[in-house]
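Build the full structure now, drawing on both the sequences and the hints.
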Amino acid sequence: MSLLSSTTVLLGKELRTEFRSRELLTTTVVFILMVIVLFSFTFDPTYNESRRFGPGLLWLAFLFAASLMLQPCFLREQNNDTLSALRLSVSDPFAIFLAKLVANTLFLLFTEVLMLPVFAVLYNVPVLRVLGQLLLVFFLGSLGVSIAGTALSAISAQARMRELLLPLLLLPLLTPVLVASTQVTVGLLDVSPFMEWKGLGFLVIFDVVFLTVLWLFGEYLLEE
Amino acid sequence: MISRGFSPTGIRFENIEKRYGGLAALRRIRFEITPGECIALAGRNGSGKTTLLRIAAGLVRPSSGELTFPTAAEAASRSSKTETVRSKASAGFVAHATMVYDELTAEENLLLFARLQGTPNAAERVEKLLHEVGLYDRRSSLVRTFSRGMRQRVAIARALLHEPSILLLDEPSTGLDPQGVAWLAASLRQLRDVGCTILMSLHGESEISMLATRAIRLDAGLIVADTRTVAEVRSILTFADA
Chain A
1 MSLLSSTTVL LGKELRTEFR SRELLTTTVV FILMVIVLFS FTFDPTYNES
51 RRFGPGLLWL AFLFAASLML QPCFLREQNN DTLSALRLSV SDPFAIFLAK
101 LVANTLFLLF TEVLMLPVFA VLYNVPVLRV LGQLLLVFFL GSLGVSIAGT
151 ALSAISAQAR MRELLLPLLL LPLLTPVLVA STQVTVGLLD VSPFMEWKGL
201 GFLVIFDVVF LTVLWLFGEY LLEE
Chain B
1001 MISRGFSPTG IRFENIEKRY GGLAALRRIR FEITPGECIA LAGRNGSGKT
1051 TLLRIAAGLV RPSSGELTFP TAAEAASRSS KTETVRSKAS AGFVAHATMV
1101 YDELTAEENL LLFARLQGTP NAAERVEKLL HEVGLYDRRS SLVRTFSRGM
1151 RQRVAIARAL LHEPSILLLD EPSTGLDPQG VAWLAASLRQ LRDVGCTILM
1201 SLHGESEISM LATRAIRLDA GLIVADTRTV AEVRSILTFA DA
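Residue numbers (my numbering), protein chains in the order written: chain A, 1 to 224; chain B, 1001 to 1242.
It should be emphasised that the hints constitute simulated quantities derived from the structure, not laboratory data. Quick caveat: nothing in here was measured; it's all calculated off a predicted structure. For glycine and all other residues, C-beta sits at the position ideal for the given N, C-alpha and C. Please note that a few of the clues may not be correct.
As the list claims (entries may be wrong) - If we take Cβ atoms under 8 Å as the criterion, some of the chain A residues that face chain B in the derived model are: (1) V9; (2) L11; (3) K13; (4) E14; (5) R20; (6) R22; (7) T26; (8) T27; (9) S89.
Claimed, not checked - Now the in silico label distances, taken between C-beta atoms and shown as ranges: (10) A/G56 to B/A1123: 46 to 56 Å; (11) A/R160 to B/D1137: 36 to 46 Å; (12) A/L131 to B/G1175: 45 to 55 Å; (13) B/R1028 to A/K198: 54 to 64 Å; (14) B/S1147 to A/F43: 47 to 57 Å; (15) A/R160 to B/S1147: 26 to 36 Å; (16) A/F19 to B/D1137: 19 to 29 Å; (17) A/E23 to B/R1019: 36 to 46 Å; (18) A/R52 to B/R1148: 51 to 61 Å; (19) B/Y1020 to A/F139: 39 to 49 Å.
Stated by the list, open to error - A partial selection of chain B residues facing chain A, derived with a Cβ cut-off under 10 Å: (20) H1096; (21) T1098; (22) F1113.
See the structure below:
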């Protein structure tokens, strides 16, 4: 079976199990909502402060929510040793990663799109005129988070202190993605919106490099 | 249970060793399973049975040694192919864990793995297997609502989806009731009779152990007994845990 067909079948499984349990989506939506609402009431930011600090806060919430979302990614494959069944069934183990990272990106994007209006209202930041560009940054940033997070989730799932290990490895690795995504978002939410091409370019390079590394070495991460 | 379309395949273990850090799980494992043979692996907990089965399935890479899968013709000429690909393509594996998703129904689980394995006429094959394992009426129920025995039936059905020429079973009767054990024994007998190679780890004597034509006893990762005589096979299986 080709890589694309295997990935499609596995992606169907990922989406079906998640929409049946709603475990990951509920956790991330509630977490991001809490962060956005709490900071809005705690600091009561002015119009200019919202534009300056809002994007950083938003991406920080996305990143922490992603680390919550990515934790069970491979961990739940261990409950019934289903990862072994997948390894025995697919001809290319990269399909397992590809399906998981696409699913994680979709879940993260869904959460971000859901939370964007809440952020815009609570922080009084107009987002409609730059919605297309914002979605592009959300997509590239979420893809980077998902690629690195899926790989690290596979590593940490086999370790002893797995709950601690994933955030420990993930957060430092994703700091550059966080910085670049925040920079681009700050530019887009400016009074005179502009695209921070350097940051956007960095996100593209990060995604391509990490996806290539995962494609080359992913199989070893799944071995016992 | 199975319609024959495979060429019988054996397994050749050549000085297989597996170490986890300083612990040697398997040491100097050297034996050959001829195509169509049914072997019972016996031994205490931690003797290396599961590791041996997982190596044969291609899930664990041995620290040293070589694993080959000769077909009947290759076994006769003492040549063989070494790739793990053949193991994956030809082996069905039933492990301690059920290796199926609790959040999916029995039918969804089997369809998922059938599609991933590229099983022709996947839906028909799944339907047939669900009938055979006695779960057709519960095909739309989530696996998490099943008893341990029912889950084990799904696990066995999953392992048989692609009509494997090698069946690797790690304590396959776990959780099965007496009827389930009888069904499994009958199914395995049928598979053995059409030339499927079976390697299974067992504890004690049962209807399933009666199928074994050869028994191997492991102790601390070493083969300490290997016999084909009926009395000795029964003796190994009965006293392996003692």
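*Report holds or violated for the interface hint on A/E14, using the least CB-CB distance to chain B and a cut-off of 8 Å.*
violated (11 Å)
*Once the shortest beta carbon distance from A/L11 to chain B is found, is it less than 8 Å?*
violated (11 Å)
*Return holds or violated for the Cβ distance of A/G56 and B/A1123 against the range 46 to 56 Å.*
holds (51 Å)
*Is the hint on B/F1113 kept, meaning its closest Cβ partner in chain A is under 10 Å away?*
Hint holds; B/F1113 Cβ to chain A Cβ min 5 Å, cut 10 Å.
*asked:* Looking only at beta-carbon atoms, does the pair A/R52, B/R1148 fall within the given range of 51 to 61 Å?
replied: holds (58 Å)
*Using Cβ atoms only, decide whether A/K13 comes closer than 8 Å to chain B, and label the hint accordingly.*
Where the cut-off is 8 Å and the nearest Cβ of chain B is about 5 Å from A/K13, the hint holds.
*asked:* Please check whether A/R160 and B/D1137 have a Cβ separation lying inside 36 to 46 Å.
replied: holds (43 Å)
_Min Cβ distance, A/T27 to chain B: is it shorter than 8 Å?_
violated (16 Å)
_Range agreement (Cβ of B/S1147 with Cβ of A/R160, hint 26 to 36 Å)_ = holds (32 Å)
*Do the numbers back the hint for A/T26, that is, is its least Cβ distance to chain B under 8 Å?*
The hint is violated - A/T26 has no Cβ within 8 Å of chain B, the shortest such distance being about 15 Å.
*At a threshold of 8 Å, is the proposed contact between A/R20 and chain B supported by beta-carbon distances?*
Status holds, d = 5 Å.
_Quick check: does the Cβ-Cβ distance between A/L131 and B/G1175 fall within 45 to 55 Å?_
holds (54 Å)
Hint check: violations occur at hints 2, 4, 6, 7, 8; the rest are consistent with the structure.
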